[in-house]
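Asks: Below are the chains, spelled out letter by letter.
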Amino acid sequence: MTKITGAEILLESLKKEKVEVFFGYPGGVLLPFFDKLYDAKEPRFILTRHEQGAAHAADGYARATGKVGVCIATSGPGATNLVTGIATAYMDSIPMVAITGQVGTHLIGNDAFQEADVTGITRSISKHNFLVKDVKILASTIKEAFYIARSGRPGPVVIDLPVDVQKAQAEFHYPEEVKIRSYCPTTEGHKGQIKRIAKAIEKAKKPIFYVGGGVILSGANKELLEIAEKTQIPVTTTLTAMGAFPETNALSLGMLGMHGTAYANHAVQDSDLLIAVGARFDDRVTGKLDEFATHARIVHIDIDPSSVSKNVEVDIPCIGDAKCILKGLSKVIKKKPDTKNWLSKIADWKKRAPLTYKKDDKLRPQYIVEEIDRITKGNAIITTEVGQNQMWAAQYFTWKKPRTFLTSGGLGTMGYGLPAAIGAKLGRPDKIVFDIAGDGSIQMNIQELATAVLNKIHVKIAILNNCYLGMVRQWQELFFDKKYSCTYIDSFKCPDFVKLAESYGAVGIRVTKKKDVKAAIEKAIKEPNTVLIDFRIEKEENVMPMVPAGQAINRMIGGMA
Amino acid sequence: MKKFTLSVLVENKFGVLARIAGLFSARGFNINSLAVAETEDSSISRITMVVEADEKTLEQIKKQLNKLIDIIKVIDFTKENCMEKELVFVKVKSDTGARDKIMQAVDSLNARVVDTGEGTLTVEEIGDTKKINATLELLRPFGIMEIVRTGKIAIRAGKKG
Chain A
1 MTKITGAEIL LESLKKEKVE VFFGYPGGVL LPFFDKLYDA KEPRFILTRH EQGAAHAADG
61 YARATGKVGV CIATSGPGAT NLVTGIATAY MDSIPMVAIT GQVGTHLIGN DAFQEADVTG
121 ITRSISKHNF LVKDVKILAS TIKEAFYIAR SGRPGPVVID LPVDVQKAQA EFHYPEEVKI
181 RSYCPTTEGH KGQIKRIAKA IEKAKKPIFY VGGGVILSGA NKELLEIAEK TQIPVTTTLT
241 AMGAFPETNA LSLGMLGMHG TAYANHAVQD SDLLIAVGAR FDDRVTGKLD EFATHARIVH
301 IDIDPSSVSK NVEVDIPCIG DAKCILKGLS KVIKKKPDTK NWLSKIADWK KRAPLTYKKD
361 DKLRPQYIVE EIDRITKGNA IITTEVGQNQ MWAAQYFTWK KPRTFLTSGG LGTMGYGLPA
421 AIGAKLGRPD KIVFDIAGDG SIQMNIQELA TAVLNKIHVK IAILNNCYLG MVRQWQELFF
481 DKKYSCTYID SFKCPDFVKL AESYGAVGIR VTKKKDVKAA IEKAIKEPNT VLIDFRIEKE
541 ENVMPMVPAG QAINRMIGGM A
Chain B
1 MKKFTLSVLV ENKFGVLARI AGLFSARGFN INSLAVAETE DSSISRITMV VEADEKTLEQ
61 IKKQLNKLID IIKVIDFTKE NCMEKELVFV KVKSDTGARD KIMQAVDSLN ARVVDTGEGT
121 LTVEEIGDTK KINATLELLR PFGIMEIVRT GKIAIRAGKK G
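Protein chains in written order, with the working numbering: chain A, 1 to 561; chain B, 1 to 161.
Just so you know, these hints were derived from the structure itself, not from any lab.
Hints are not guaranteed to be accurate.
Unchecked claim - Distance ranges between label pairs, derived from CB positions: (1) 149(B) - 137(A): 49 to 55 Å; (2) 178(A) - 25(B): 47 to 53 Å; (3) 136(A) - 103(B): 55 to 61 Å; (4) 291(A) - 136(B): 46 to 52 Å.
In this text the structure is predicted, and so the values were computed from the model without any measurement.
For glycine and all other residues, C-beta sits at the position ideal for the given N, C-alpha and C.
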């Protein structure tokens with residue numbers, strides 16, 4: 001068999017993994033790879049303007065499609081620029097393979113030009129990483145990396161690839177299968193545990209499903225809908241699980257937690273059986289731990305054993321894939337619990353404390369979000385930045401389908417939304433993709449406008465521009481005597497977002513009045529180009545309701561009277 | 001907080017120990033001692049570690065260790081019937097007057113002197129933690145100059161590996 005170079009092996013391996021598109025930025029030690037890429041017809045490569053953009057784009061692609069996202073960056077600063085994107089994917093369990101160039105093996109450890117200890121740096125923010133020192137194991141390493149990234153609890157895997165290994169030659173065998181003796185994730189749930197859960201459900205008076213991103217990752221939304229309807233148990237979702245359960249369903253309680261609905265939080269606190277599925281009891285969800293769901297027996301269905309009893313002591317754990325377990329559980333539940341009183345109590349809460357905002361003539365962000373939802377008929381993919389924009393998006397879209405809300409939940413990464421939208425649009429070209437942005441966050445990766453425009457990846461950006469780093473300002477207003485320290489960024493003055501968009505060749509629209517919102521959104525959708533809308537909203541609008549940090553989640557500002 | 005002995009089988013690859021050390025520091029777990037070496041299978045290393053934790057943290061430590069891709073198996077020896085040993089070298093001051101007394105003490109301990117220098121004796125002791133600590137206490141009055149102590153190693157009794 002003829003030998004090929006490591007660079008060619010990498011390229012061929014990506015094809016074997018059926019990678020359609022990947023994102024990145026070249027550099028010195030990646031020259032052998034980019035040289036081979038020049039002649040290759042596939043996969044499609046998208047050159048971003050910053051490595052962080054490449055990582056988020058790969059992440060957005062992965063979240064929108066369920067496939068593994070791939071990004072590549074050079075050694076040293078290229079790799080360190082990927083770090084935020086890798087950490088973002090890690091916190092939300094997104095399957096990703098990040099390839100970094102590395103200095104030649106003989107130079108490693110010598111403080112060479114553009115050298116960084118990438119496996120060291122990424123160890124705690126990736127599911128696994130590899131430094132490949134021998135071209136003979138390159139193909140099998142790539143196979144393992146993709147397998148680890150997508151299996152079990154998914155996550156990013158880093159492959160650090162020295163320049164000399166890209167030049168060295170070996171025969172190319174891409175393994176058909178992969179078996180790692182030290183890594184065998186459990187998928188089937190324990191039958192006995194599933195029966196125990198069924199019994200607990202049958203006996204419950206006030207049960208509730210608390211659903212996390214794991215349900216979307218495992219594709220268990222159908223199974224969830226089926227079991228919820230069969231048992232008449234209400235469902236609340238976390239930020240990363242919006243769309244896992246249709247909010248049009250009467251059993252939906254929307255989001256829970258710090259900016260969740262008051263009725264979701266009250267239902268959790270009052271429940272006698274909390275069934276967590278693919279969720280991890282994050283502090284933004286639980287609030288004060290000692291006072292979280294104290295009357296409830298806790299069931300936890302999760303693929304990651306280390307999530308169980310990490311924050312909240314679990315009564316009935318069940319390790320495995322959410323889809324498998326929910327399917328099995330549905331079968332063994334003999335008798336539906338009597339939840340009639342419970343549901344009417346919740347319906348009453350919904351009436352008493354609905355999610356709402358002041359409806360007047362002012363340009364309010366919630367209205368913009370609702371209009372985008374209405375005009376796109378709820379069919380768009382929404383990405384967000386982080387902060388108020390993210391919370392308003394989560395609250396005021398009516399989520400119906402999984403993989404339509406892409407947001408940095410765990411790490412809370414500003415600058416995520418635009419590159420993620422680019423990745424999502426490439427993965428789902430049939431969809432309208434909107435980035436709901438803030439005037440602060442959008443400036444963190446604004447350079448990716450070039451990537452969108454030049455590659456004709458037509459994403460739409462709605463900046464909810466309030467001149468502030470709004471979420472931090474909101475905390476300063478509520479908890480720091482309105483001392484707006486370093487949060488006023490004056491984005492009505494600088495930059496001129498419309499001109500900025502135009503300078504990139506995108507379309508810029510400015511909206512200052514409520515009556516112009518509809519036309520602007522319609523124009524943005526119609527325009528065969530990337531469009532940025534600068535919505536100049538009320539400057540001091542707050543995200544409500546809100547659980548102050550460290551409080552029990554039913555003690556909400558703007559919650560139940 | 002109690003002390004627990006974990007025996008961890010890992011892939012014999014570079015970087016595995018760093019993954020474990022990183023995990024412990026990132027999550028605020030405490031390692032009391034550590035002993036690492038190759039096993040009968042050269043592709044596998046065994047790490048015997050003593051950790052200080054409450055029961056809940058211990059559970060997390062075990063789960064987090066298991067989650068690392070290169071870790072093959074984590075065995076909790078705390079409730080197992082097993083043999084445990086540590087080794088210590090103690091360098092003790094030995095003036096002419098003290099030397100006999102130290103020798104006597106060493107004999108009573110089943111320890112042994114492995115080196116005699118000018119004004120010093122180096123004592124070696126092998127045993128479980130309790131025995132090692134007793135040895136140190138007995139030698140302390142003579143003036144300990146240096147202690148070099150290994151981490152604990154342990155093996156399960158009987159057939160079970």
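Asks: Would you mind marking each hint as holding or not holding in the structure?
Replies: Going down the list of hints, with the structure as the test:
Range check, residue 149(B) to residue 137(A): Cβ separation about 39 Å, and the 49 to 55 Å hint is violated. Between residue 178(A) and residue 25(B) the CB atoms are about 30 Å apart, so this pair departs from the stated range of 47 to 53 Å. Taken as a hint, the range 55 to 61 Å holds for the pair residue 136(A) and residue 103(B), whose Cβ atoms sit roughly 59 Å apart. The hinted range of 46 to 52 Å is satisfied by residue 291(A) and residue 136(B), whose Cβ atoms lie roughly 47 Å apart.
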